[in-house]
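Student: Could you build all of it, start to finish, from the sequences and the hints given here?
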Amino acid sequence: MLTTAYSSWFIPLCLLVGAGYAALQYSAKAPWSRPLNYALAALRFAVVSFLCYLLLAPFVKTTTTRTEAPTVVLAVDNSQSVELFTPAPALSQARSGLPRLAAALREKGFEVETRTLTPTPNRPARPDSLRFSATATDLGQLLGGTQEAYEDRNLAAVVLLSDGLVNQGRSPVYADYRFPVYSVAVGDTVPKKDLRISALNYNRVAFSGNKFPIEAEFGFEGYAGSTATVELREAGRVLESRRVALPADRRRVRTTFQLTAPAPGKRRYEVRILPQPGEFTPLNNARTAFIEIVKGKLRVLLAGAAPHPDIKALRAAILANDNFDLTLALPGVTPLKAGADFDVAILHQLPAQGGLGDDILAQVQARKVPALFVIGAQTNLGAFNQLGTGLTIQPRGSQTDEVTPLPNPGFARFATDEESARRFAAYPPTPVPFGDLRLGAGAEAALWQQVGRLPTQKPLLVFGGTAERRQATLLTEGSWQWRLQEAVEHDDRPEAYDRLIIRTLQLLTQNANKKRLDVYPTQDAFGTQDDVTLGAETYNAVFERLYNQQINLTLTDEKKNTRRFSFANAEDGSPLHLGPLPAGLYRYEAKATLGGQAQQDAGEILVQEQPLEALESRADHNLLAQLSRRSGGRLYYPSQFDKLTQDLLQANFKPVITAEEDLKDLINLKWLFFLILGFLTVEWAVRKYSGSV
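My numbering puts the first residue of the sequence shown at 41, with every later residue one more than the last.
What the hints contain is simulated information worked out from the structure, not anything from laboratory work.
Fair warning: this is a prediction, and the values are worked out from it, not measured in the lab.
One or more of the hints may lead you astray.
[As the list claims (entries may be wrong)] Per label pair, the in silico range of CB-to-CB distance:
#	residue 1	residue 2	range
1	L56	L712	20 to 26 Å
2	T549	G265	48 to 54 Å
3	D362	D228	36 to 42 Å
4	D532	A406	36 to 42 Å
5	D687	P622	40 to 46 Å
6	S266	E529	43 to 49 Å
7	S173	F605	24 to 30 Å
8	P347	G428	25 to 31 Å
[Stated by the list, open to error] Pairs of lysine to aspartate or glutamate, DMTMM-like flavour, derived with a Cα cap of 20 Å:
#	residue 1	residue 2
9	K306	D597
10	K148	D682
11	K408	D398
12	K694	E191
13	K306	E274
14	K408	D365
15	K498	D612
16	K408	D383
Quick reminder that beta carbons are idealized off the backbone N, C-alpha and C, glycines included.
Tutor: If you want it as structure tokens, here you go:
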């Protein structure tokens with residue numbers, strides 16, 4: 041469609057201008073014939089009229105329509121439990137029914153795509169080549185990820201093939217989905233004759249020479265009234281064996297082993313139930329506990345300029361970990377005793393204005409212990425800038441920004457998992473000083489500031505200081521709101537906040553012995569499906585950071601098998617990826633040549649076995665029925681694929697027609713320029729040829 045930016049009543053005026061110009065030019069007597077004169081006048085009329093028309097800013101509007109067929113997603117729970125516990129005939133019907141359903145829908149014009157718990161972006165899943173190998177089931181993530189991926193598409197329905205057993209993430213039953221879920225229930229609702237270890241409860245850290253418990257919880261089906269033999273092992277050696285009664289009136293029982301912590305180091309203990317006659321599977325008969333034996337607790341000083349909700353939140357986070365002893369100090373309330381012993385300090389709004397708490401700060405500086413500074417309204421920023429924390433703050437008056445924490449992906453000293461990042465994003469905004477924030481040499485930001493929805497690279501949590509005395513700075517005094525919000529939303533379990541504080545203290549106190557080569561696991565422990573990663577830091581003789589240094593690493597498992605790796609520590613902080621490893625305790629040794637001097641470091645990596653898919657054999661079809669009912673779908677069984685196909689085809693899912701308008705200015709069409717130029721050239725040539733001056 042051709043239209044203009046101005047009223048179309050101007051078009052006759054354009055024609056009038058063209059006619060007047062042609063009449064003025066060709067009304068006089070000409071040396072050529074009358075027909076040729078009329079032709080030249082008509083050509084001049086057309087050119088001038090069109091040039092005037094271009095002044096009206098004409099444009100071409102084109103409308104393109106696109107029809108998008110309805111899409112049905114086959115969401116397949118390809119976890120190990122489906123293949124392990126589904127009867128063979130039902131599993132065979134499911135394997136053959138999915139491709140048949142996909143073919144029938146495509147024949148009727150539907151788009152059909154397959155998604156699983158273990159997506160492979162470069163190789164989309166196919167319903168005729170599924171492998172049930174996923175080691176955990178997160179149906180909430182499977183369905184939520186589907187909703188997110190197809191947000192702007194014509195997603196008609198989701199067919200969910202599952203046994204309903206969820207062992208990771210949130211249950212999908214109470215989530216709101218914008219599509220109906222048609223569930224196909226597999227698995228077996230009849231309990232199998234089985235013994236299993238449901239859980240091991242223990243503290244991850246124990247202190248050398250102290251006694252510590254390992255509590256094992258057993259589930260059983262078909263063995264009520266009998267007994268089972270349970271063993272506690274270490275490195276294949278049986279430490280204790282006992283008979284445990286399996287009461288007829290219960291389905292779970294617990295027993296506790298008491299051990300004495302040996303010398304410091306990481307230890308692996310295995311609790312195993314000996315298989316019984318007729319037991320369905322022994323895969324869930326053993327669980328492993330990894331325990332770190334340490335010399336003693338880390339002593340923490342928590343001091344502040346005045347009572348504050350932050351101090352209560354920090355205290356709760358520290359006391360939630362058995363690896364810490366806490367000393368609280370507040371000027372005029374709980375004075376710090378002279379000669380008090382501590383390994384790390386948290387200084388809330390110290391140094392303070394008016395010199396409040398200077399005696400506490402003096403003791404911390406005299407002991408040269410690592411410190412975490414929490415900045416607030418009472419902080420004396422001038423005095424703080426003199427402490428050499430790696431951060432200087434030049435405020436602009438008393439202004440503040442309201443920010444939430446944003447993990448810095450380039451900070452590799454500790455990793456922020458996806459769940460913690462999601463919780464950080466939901467934190468309420470807290471105040472930070474508004475001004476010029478500058479990082480010193482060697483300082484790094486673990487958290488950035490996010491202002492509303494705008495991510496920035498202004499630091500919120502900074503690690504700096506010297507190799508002899510590490511220091512960190514948190515630029516907000518409102519973190520108590522983070523812990524409170526997280527506790528409310530996550531059943532009184534503020535895990536992300538507590539983990540952030542504990543890891544900060546651990547990072548401040550570890551490796552304080554001037555290591556020029558520092559190689560470390562990015563997590564305390566990994567699962568067998570995790571990508572095991574190691575971070576690395578290198579320093580020169582005066583402990584300035586070096587990058588792109590060649591590091592050779594040897595990894596040794598418990599059977600003394602070795603693997604060798606060579607990598608460089610990049611400036612972006614990217615770690616060394618070892619990939620998934622079998623469960624066990626691994627030892628590594630790293631070597632590098634820095635400034636012509638050989639350096640080395642060593643450590644341990646814990647990889648835990650997580651047999652989640654073998655812990656529960658009884659399918660939960662009730663969950664699938666609730667999910668389908670709430671979303672507007674139905675529950676089916678593998679023998680009902682024909683009925684499912686018929687219901688989907690009769691559901692009257694419609695294609696979506698979208699229209700896109702494209703506006704193109706006529707004056708931007710290059711061929712029009714050449715057309716006008718051609719007309720003028722023809723007119724000039726004819727006049728010249730016919731004798732005009």
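Student: Hints first: check each against the structure and report whether it holds.
Tutor: Here is what the structure says about each hint:
no., hint, result
1, L56 - L712: 20 to 26 Å, "22 Å, holds"
2, T549 - G265: 48 to 54 Å, "52 Å, holds"
3, D362 - D228: 36 to 42 Å, "41 Å, holds"
4, D532 - A406: 36 to 42 Å, "39 Å, holds"
5, D687 - P622: 40 to 46 Å, "45 Å, holds"
6, S266 - E529: 43 to 49 Å, "44 Å, holds"
7, S173 - F605: 24 to 30 Å, "26 Å, holds"
8, P347 - G428: 25 to 31 Å, "28 Å, holds"
9, K306 - D597, "13 Å, holds"
10, K148 - D682, "15 Å, holds"
11, K408 - D398, "15 Å, holds"
12, K694 - E191, "17 Å, holds"
13, K306 - E274, "12 Å, holds"
14, K408 - D365, "19 Å, holds"
15, K498 - D612, "17 Å, holds"
16, K408 - D383, "9 Å, holds"
Checked against the numbered hints above, the structure violates none of them.
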